[in-house]
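Visitor: Spelled out, the chains give:
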Amino acid sequence: MTPALLYGLSGALLVAIGLTGAIASRSLVRRILGFNVLGSGAFVIIIAFARRVAGPVPDPVSHALVLTGIVVTVSATAVALALAVRLGDEEDGRHE
Amino acid sequence: MSDAVLLGAPVLLPLAAAVLAFAGGDRLRRGVTVALCAGLALAAALLAGAAWNRGVITHHVGGWLPPLGILLRADGLAVLMVIMNTAVGIAVSVFAAGYFGGHDEGHAAGPHGRTALFWPVWFMLWGALNALFLSGDVFNLYVTLELVGLSGVALISLAGTKAWPAAMRYLFVSLLASLSYLLGTALLYGQFGVLDLAGLGRAMADVPAARAAAALMFVGLAAKTALVPLHAWLPPAHAGAPAPVSAVLSALVIKGSFYLFLRLWFQVFPVLTPAVLAQAVGLFGSAAILWGSALALRQSRLKMVVAYSTVAQVGYLFLLFPLATGAAASVAPLAIAFHAVSHACAKAAMFMAAGGLMLAYGTDDIRALRGAAVQASAPALAFAIGAMVLIGLPPGGNFTAKWLLLSASIDTGQWWWIPVIAAGTLLASGYLFRVLTVFMESSGSAAPASAPRVSLAAPALVLAVAALLLALAAPAVTGVLERAPAVGLPALAGGPS
Amino acid sequence: MNGVAIIDVLLAAAVPVLAAAALLYRDLFRAAVVFIVLGLTIALVWVRLDAPDIALAEAAVGAGITGALFMRALGALPGPTRSAHPVRSSRFQRLAVRGAAGVFAGIVAALVAWAVVTVPSSDPVLTSLVRDAAPDSGVGNPVTAVLLNFRGYDTLLEVGVLLLAALGVSTIGAHRHAASLGGTRVRGPVILAFAHLVLPGLIVLAAYLLWTGADLPGGAFQGAAVLAGAWLICAFAGFPADVAPGRMPAVLAGGFCIFLLVAAGMVLLNGGLLRFMPATAKWWMLLIESGLLVSCAAILATLVFRLTDDDRPEAGR
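Protein chains in written order, with the working numbering: chain A, 1 to 96; chain B, 1 to 497; chain C, 1 to 317.
If you're looking for bench data, these hints aren't it; they were derived computationally from the structure.
Incorrect hints may have been included.
To be verified - Computed footprint of chain A on chain C, listed as stretches where at least three residues anywhere in the stretch have a Cβ under 8 Å from a Cβ of chain A:
no., segment
1, 22 to 30
2, 33 to 45
3, 58 to 69
4, 91 to 102
5, 120 to 129
6, 135 to 147
Stated by the list, open to error - Computed footprint of chain B on chain A, listed as stretches where at least three residues anywhere in the stretch have a Cβ under 8 Å from a Cβ of chain B:
no., segment
7, 44 to 50
8, 67 to 74
9, 77 to 85
Said to hold, decoys possible - So the derived label-pair ranges between C-beta atoms look like this:
no., chain 1, residue 1, chain 2, residue 2, range
10, B, Asp365, C, Leu287, 53 to 63 Å
11, C, Leu287, B, Arg30, 29 to 39 Å
12, C, Leu95, B, Val454, 56 to 66 Å
13, C, Val103, B, Ala45, 45 to 55 Å
14, B, Leu436, C, Asp27, 34 to 44 Å
15, C, Leu95, B, Thr161, 26 to 36 Å
16, B, Ala45, C, Met277, 29 to 39 Å
17, C, Phe104, A, Met1, 20 to 30 Å
18, C, Val103, B, Asp206, 24 to 34 Å
19, C, Phe104, B, Ala423, 25 to 35 Å
20, B, Gly55, C, Pro278, 25 to 35 Å
Please read these numbers as outputs of a predicted model, since none were measured by experiment.
For each residue, glycine too, the CB sits at the ideal point set by N, CA and C.
Produce the complete structure using the sequences and hints provided.
Guide: See below:
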């Protein structure tokens, strides 16, 4: 069991947790949390793959991909939260 | 003309226009819009001409060869998509200038600032779509997908309070789909070590990582294209948006994710897509045609009819996959190209016409639109022509597409698609004639609140007529697909007679 | 970094546990706090996986800015919503939905895990290509080389996404002022003192991150996140360090604009989109990154600030 494999499986677990939260939560904010967790899971897997071989330098392309992914995720999160606030955290816009 | 300019202009021009539209003032915005439309028309023409003369056009961004760098690639299909994007985009821009200049669809009367934000976001979307059509790198395509999705959400939200729930649902589906695609990309990169579509296609093998990636990416893209049963998000989003946005979403954005699906299917994953899977995809497409049309029959709002029509029409596109085999291998892609372009023009025309009618009558409830054929004849006519094209009136593009699909079904012995196409056509006549009949009723119709402006109807009419005459462009369409063949798509031997 | 150490096992276990906690806490505020902790823990995972650039970015953007976004959003939602939702469907129904989603997610994750286990453990082709081309890229940090040179087109579009998010947030919120960073001002001696202490350091840190990103871990985005943090502290502390409303769009879009101009300019100069000559690459990239530092900082700050106009009195719990 290499660290890469260990963290890769951890990432897969994150994917499961995030996906459940994103689909099944009632609160919009919690669903957005789920999406973030799901994204983080993908990133963990990418970086874990980058470290499969114990060489001097891990794969820089993977790192660039994840950096881009982090920026894209924060952008999407911002728009999603803005909408969620407008909707009062209820999917059909009702304020409870 | 250097390849860098040919492939870079369709992307950079709209993005630059977005910056100028955002940072500049009102007067600058108008000039920028005109300049952009002219510039993109020129760029599309030059690109098409270059592809016609030289075949596939490629450019390595940064001067680095793939897989190290990102490849931009314009084959015949990409060129057609860019042309479609340009034509519809220009028409919608003209329409939106008139539409937002006056009203705000009666929804939340936002401050002038809000509709001013339409332009930068729309230009970003325009550029992002071109970037999507021209990219040859799987991760780059992820970024373009996100750009397209987020701008779509922002544009839908312009309609105000009523549209927010639909925008939120659209955002969730879009995000889930993109993350699924990203996960697939991660697995592909982990397994094969490259990111360019060509390299992935060459290296593809039937391994678990590739299967998982294929499942993730195809399902995600199908959800983005609203393939039944993942379609429920589309009608409220497309119908709830302001009219110009509805036009763009149904005509262009939906083609983007389909285009990606197609690319992945033929260029990256051909090893993993047995005939059984293709038939299954075709089955979902058939379900879309039938179910979407059935639901369209039950709608009372004009924009909802048009939106459900999109769900149905998307189904035809997915018939490509089971039919692109054997004797019909070269005919099916041609059919889909015609369908995509024709539907884009007709659907955009219909949504723009619906927008014009809404402005005139104050509502898009079909019963309120009685007599529109006489009182709001310009938008009603545009709607009618678009409707006829979608049903399959020759020499429209949809007629050509259906004809080709039918002949492909016969040639490959897959006769079971024929009743589906026939039923789809019948149902489309049903839900569209229902609307047209109301337009043509003359008794007891209330006069529209305000006279419909011709400037709003003109772009719709132009697009509708273009769609109607699309079959006449068949030699050009076939020619460009032949001269700049797409990877993995069977080369065309000859065009339709 | 060879075998699995105890710390790796702990981190790999802690991450899913924290994620589950964030999604299970009924009080959304607590969930958001756990989420921030999760982000920082993931940053530690990046450190263990020899990804310091990403660790910086995750801490600053993933935990910091995203955390601020969640806090701001929660502060604007009506009070009762922050805790449990009023139950409208039966307990069994909700459990069934959760169960079905869990099963579905489990299947997806199993597919993914199977893929993770079976991928070849050799470096991607791309790694050696990057290593060979790195000397010609103009910078010593291979991640920066990939971000701004080899795959600069991705970064260009990514900045577009950021700018678009700022536009989107402005569209969705109802904002009284066109483009200033106006909003809640939390006055008080503590935050003012904190601001005085911390601001100069943050600004210097941001610039440092940018400059060293050329050869050491760091870079424009990390610097931008730090600068955005400084900006936000400014704004919340009531510092008059705002940008004139009329100029804000230019600041927001400026970095993207520079990037576009350089991309196009390289067509004229070097015959290709974003094509740099090894000798001058570093300076063009530095130009792009400097623009990005300021613009992305402004965008990130704007995302937090203009997320909502609604700040309830009980905000800031």
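Visitor: Now tell me, hint by hint, if it's right for this structure.
Guide: Outcome of the hint check:
{"no.": "1", "hint": "22 to 30", "result": "holds (count 3)"}
{"no.": "2", "hint": "33 to 45", "result": "holds (count 5)"}
{"no.": "3", "hint": "58 to 69", "result": "holds (count 6)"}
{"no.": "4", "hint": "91 to 102", "result": "holds (count 6)"}
{"no.": "5", "hint": "120 to 129", "result": "holds (count 6)"}
{"no.": "6", "hint": "135 to 147", "result": "holds (count 5)"}
{"no.": "7", "hint": "44 to 50", "result": "holds (count 3)"}
{"no.": "8", "hint": "67 to 74", "result": "holds (count 3)"}
{"no.": "9", "hint": "77 to 85", "result": "holds (count 4)"}
{"no.": "10", "hint": "B/Asp365 - C/Leu287: 53 to 63 Å", "result": "56 Å, holds"}
{"no.": "11", "hint": "C/Leu287 - B/Arg30: 29 to 39 Å", "result": "31 Å, holds"}
{"no.": "12", "hint": "C/Leu95 - B/Val454: 56 to 66 Å", "result": "59 Å, holds"}
{"no.": "13", "hint": "C/Val103 - B/Ala45: 45 to 55 Å", "result": "53 Å, holds"}
{"no.": "14", "hint": "B/Leu436 - C/Asp27: 34 to 44 Å", "result": "55 Å, violated"}
{"no.": "15", "hint": "C/Leu95 - B/Thr161: 26 to 36 Å", "result": "33 Å, holds"}
{"no.": "16", "hint": "B/Ala45 - C/Met277: 29 to 39 Å", "result": "32 Å, holds"}
{"no.": "17", "hint": "C/Phe104 - A/Met1: 20 to 30 Å", "result": "28 Å, holds"}
{"no.": "18", "hint": "C/Val103 - B/Asp206: 24 to 34 Å", "result": "26 Å, holds"}
{"no.": "19", "hint": "C/Phe104 - B/Ala423: 25 to 35 Å", "result": "32 Å, holds"}
{"no.": "20", "hint": "B/Gly55 - C/Pro278: 25 to 35 Å", "result": "32 Å, holds"}
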